[in-house]
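Taken in order, these protein sequences are the chains called A and B. Under the working numbering, the first residue of the first sequence carries the number 1, and numbering increases by one thereafter. Under the working numbering, the first residue of the second sequence carries the number 1, and numbering increases by one thereafter.
No wet-lab data here; the hints were simulated from the structure. Be aware that one or more of the hints could be misleading.
Simulated coverage check for chain A against chain B, where a stretch passes if three residues somewhere in it have a Cβ under 8 Å from a Cβ of chain B [what the hints assert, rightly or not]: (1) 47-55; (2) 173-181; (3) 204-211.
All figures in this text were calculated on a predicted structure; none of them were measured in a lab. In this text, a Cβ means the ideal position worked out from N, Cα and C, and glycines have one as well.
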Amino acid sequence: MIRQFVQLTKQHRRETGMLGLLLVLILITTFRTTDEGVDGLFNSRFLTADNIKNVTRQIGIYGIFSIGVGIVIITAGIDLSVGSLMALLGVIFLYLVTPAETRPGHAKYSETEFELQPWLVHHIPEVSWPTAVLVILIIGTLIGLMQGMLVGKLKLQAFVVTLCGLLSYRGISRFLANDTTVNVGDTQQDLTLAKTLGDGSLGDVLFGKLNKGILHSVPMTFVYLVAIAIIAHIILHRSVFGRYIFAAGRNELATKYSGINTGLVIAFAYLIAGFCTAFAAIPQCIYSGSVQPSTHGAFFELYAIAAAVLGGCSLRGGEGSILGILIGTTILIVLRNMVNLLGYPTALSDAITGGVIFVGVLFDQHGASIINRFVGHINRLFGKKNKAA
Amino acid sequence: MKIPALPFILNLSLFLSFALFSGCKKSTLETTSGKTKLAFVTNASADFWAYAEAGIAQAEKEFDDIEVEFKVGDGTPAKQRELVEALLVRGVKGIAISPCSPKGQKDMLNEWAQKASLITVDSDAADTGRKFYLGTDNVAAGRQAGELLKEALPEGGKVMAFVGLGDQANAVERYQGLKEAVAGTKIEILDLRTDEVDFGKARRNAEDTLTKYPDIAGMVGLWSYNGPLILEAVKDKGVLDKVKIIAFDEDPRTLKAIDQGEIFATVAQKPYEFGYQSVKALRDLIVENKTAQDLGVPETKQKFIETIIIRKGEGEAYLEKCNAWKASTKK
Chain A
1 MIRQFVQLTK QHRRETGMLG LLLVLILITT FRTTDEGVDG LFNSRFLTAD NIKNVTRQIG
61 IYGIFSIGVG IVIITAGIDL SVGSLMALLG VIFLYLVTPA ETRPGHAKYS ETEFELQPWL
121 VHHIPEVSWP TAVLVILIIG TLIGLMQGML VGKLKLQAFV VTLCGLLSYR GISRFLANDT
181 TVNVGDTQQD LTLAKTLGDG SLGDVLFGKL NKGILHSVPM TFVYLVAIAI IAHIILHRSV
241 FGRYIFAAGR NELATKYSGI NTGLVIAFAY LIAGFCTAFA AIPQCIYSGS VQPSTHGAFF
301 ELYAIAAAVL GGCSLRGGEG SILGILIGTT ILIVLRNMVN LLGYPTALSD AITGGVIFVG
361 VLFDQHGASI INRFVGHINR LFGKKNKAA
Chain B
1 MKIPALPFIL NLSLFLSFAL FSGCKKSTLE TTSGKTKLAF VTNASADFWA YAEAGIAQAE
61 KEFDDIEVEF KVGDGTPAKQ RELVEALLVR GVKGIAISPC SPKGQKDMLN EWAQKASLIT
121 VDSDAADTGR KFYLGTDNVA AGRQAGELLK EALPEGGKVM AFVGLGDQAN AVERYQGLKE
181 AVAGTKIEIL DLRTDEVDFG KARRNAEDTL TKYPDIAGMV GLWSYNGPLI LEAVKDKGVL
241 DKVKIIAFDE DPRTLKAIDQ GEIFATVAQK PYEFGYQSVK ALRDLIVENK TAQDLGVPET
301 KQKFIETIII RKGEGEAYLE KCNAWKASTK K
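Taking the hints into account, I'd like the entire structure generated from these sequences.
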């Protein structure tokens with residue numbers, strides 16, 4: 001049993017290391033937020049139902065797009081356009097569910113005089129929200145595919161292609177919204193169900209909002225994340241296509257010469273990233289209640305990259321796992337929650353995040369020998385025991 | 001690479017604990033002294049809020065039964081939500097917030113209002129569960145600017161107004177007040193030019209106005225940075241003696257220019273009072289169990305804090321006061 005466990009940790013060395021870091025963070029936060037009379041496990045505020053819900057909801061949203069970015073990183077690529085794409089898709093989503101006349105960018109529209117921005121705003125049709133969700137998923141996937149074709153087929157550099165995305169999607173979203181905030185409240189449809197599905201919990205969906213139970217602490221975004229993670233895990237680690245992704249990331253040329261269409265494989269990875277971003281964009285838009293095109297989703301791409309790298313994805317490609325990306329995301333979110341709960345100055349929050357990522361990666365690079373030695377010790381211990389027996 | 005395992009892990013954990021615990025003031029959670037926890041959440045980081053923080057610190061000093069968390073947002077509703085949710089988990093009983101997107105944040109503000117006493121500061125969110133709003137009456141502030149214009153231009157003349165975003169509530173209200181005050185006089189307000197908070201564009205707007213209207217007599221900057229940028233444009237054109245400038249808020253460049261006679265006057269809000277009075281009000285609501293009516297909040301649920309006018313000779317003194325506020329928050 002222990003031997004199998006050791007074997008498992010050896011196979012998943014990076015994930016094990018990061019899981020250790022995560023546990024340390026959780027322990028620190030748990031025991032530094034204990035207070036008398038707090039209605040949480042071990043009297044800890046960190047483990048109250050409300051906080052667990054807040055944290056897992058964020059993990060859900062960030063995890064979904066981090067999986068997409070992680071897969072792109074495994075192909076030795078990068079996706080910098082996530083945050084801007086979220087802003088663009090957020091604006092389009094809210095436009096799709098709002099009557100044209102009440103959209104913030106509509107003010108300058110006139111029948112006689114043509115001007116591009118108000119004309120566009122006027123001609124985006126109003127649809128029911130499920131259709132809008134579908135449209136957003138399709139647009140996100142298509143944008144992902146486009147970036148993928150540019151990188152995979154036309155051999156443009158991923159950094160440049162997605163950097164252009166970062167700039168232009170945000171620009172377009174600001175243009176469409178006429179640089180003003182688009183609110184969820186502007187819509188005239190009944191978005192209650194959409195809000196419950198995007199921002200509520202599993203319990204809300206199954207039993208209604210009035211009941212209270214353990215399932216009311218499981219946000220829907222976390223449920224989506226689990227579903228997407230399982231699918232992504234199967235694609236990446238249990239399918240032939242997953243092997244192609246790793247191979248293309250490890251050595252594209254060699255993979256190509258063994259008869260695999262690497263261009264297509266890479267394009268598909270970006271397509272997945274586009275889909276995941278679109279999927280996360282909707283709950284994020286409902287979470288913040290409005291989309292401010294100039295700031296919505298800013299730096300999300302960097303959080304995704306940090307999560308993937310923390311979780312063991314190599315920026316050189318060919319390495320990484322879905323489990324690792326999930327652990328990386330969880331570390332980032334728990335860290336932010338810790339900074340908030342312990343009352344550290346908000347200004348210091350990013351510095352602490354940076355510091356922990358640095359320590360994590362340092363440990364990851366140079367801790368290998370330590371874990372090997374540790375495993376060696378245990379082996380020797382058991383070896384001795386066996387001999388003695 | 002050979003690293004002795006145990007010392008390395010020890011070092012690592014030492015570094016971790018150092019990184020996590022050093023330099024941070026002792027967590028307020030550890031002081032289970034029965035003090036009521038309050039919080040102030042800003043929309044973004046700005047000098048304006050540093051002055052508010054000074055007022056908060058003063059209130060915290062005066063009452064020893066409260067402790068106040070000062071949280072700085074990053075301009076997004078998502079960040080504010082993250083901050084407030086964590087504050088509620090920490091057991092905060094009263095929150096003063098400057099919502100960055102009042103309309104979009106309606107749902108979350110209502111939810112928070114059920115869990116804690118909530119007041120809005122600086123930017124209001126009407127029809128939510130907030131107890132009341134505390135801040136500037138921007139129509140009145142606009143009128144004050146209008147009165148200053150009348151004083152500066154007794155003969156009347158053409159005037160242009162400048163602002164960042166023309167559709168923000170405070171911009172609309174200040175512009176409205178400005179026009180009300182000069183209605184029926186010889187002063188003609190030409191238009192409101194917006195720059196989308198692009199400082200380059202703000203200056204270009206001023207320059208283009210000077211070019212297009214050579215007979216312009218007055219320029220009004222409705223947001224804090226507009227005043228100094230108008231001044232730059234006017235100086236560049238060399239028409240300082242012909243154009244009177246009215247500014248808003250307490251940008252250091254504005255205050256210095258007022259004393260040098262380059263800007264006529266400024267209408268300044270009182271962020272220090274925002275901080276001080278919001279904390280005091282929250283304490284009254286929660287600790288003293290008072291109602292909003294007891295605190296003198298009118299039926300409209302909007303309690304206004306008067307603005308002040310700073311004229312020639314008062315700029316330097318006010319700047320010193322601002323700097324003293326900023327210094328007082330450094331612990």
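Against the structure, the hints:
no.: 1; hint: 47-55; result: holds (count 4)
no.: 2; hint: 173-181; result: holds (count 3)
no.: 3; hint: 204-211; result: violated (count 0)
Hint check: a violation occurs at hint 3 only; the rest are consistent with the structure.
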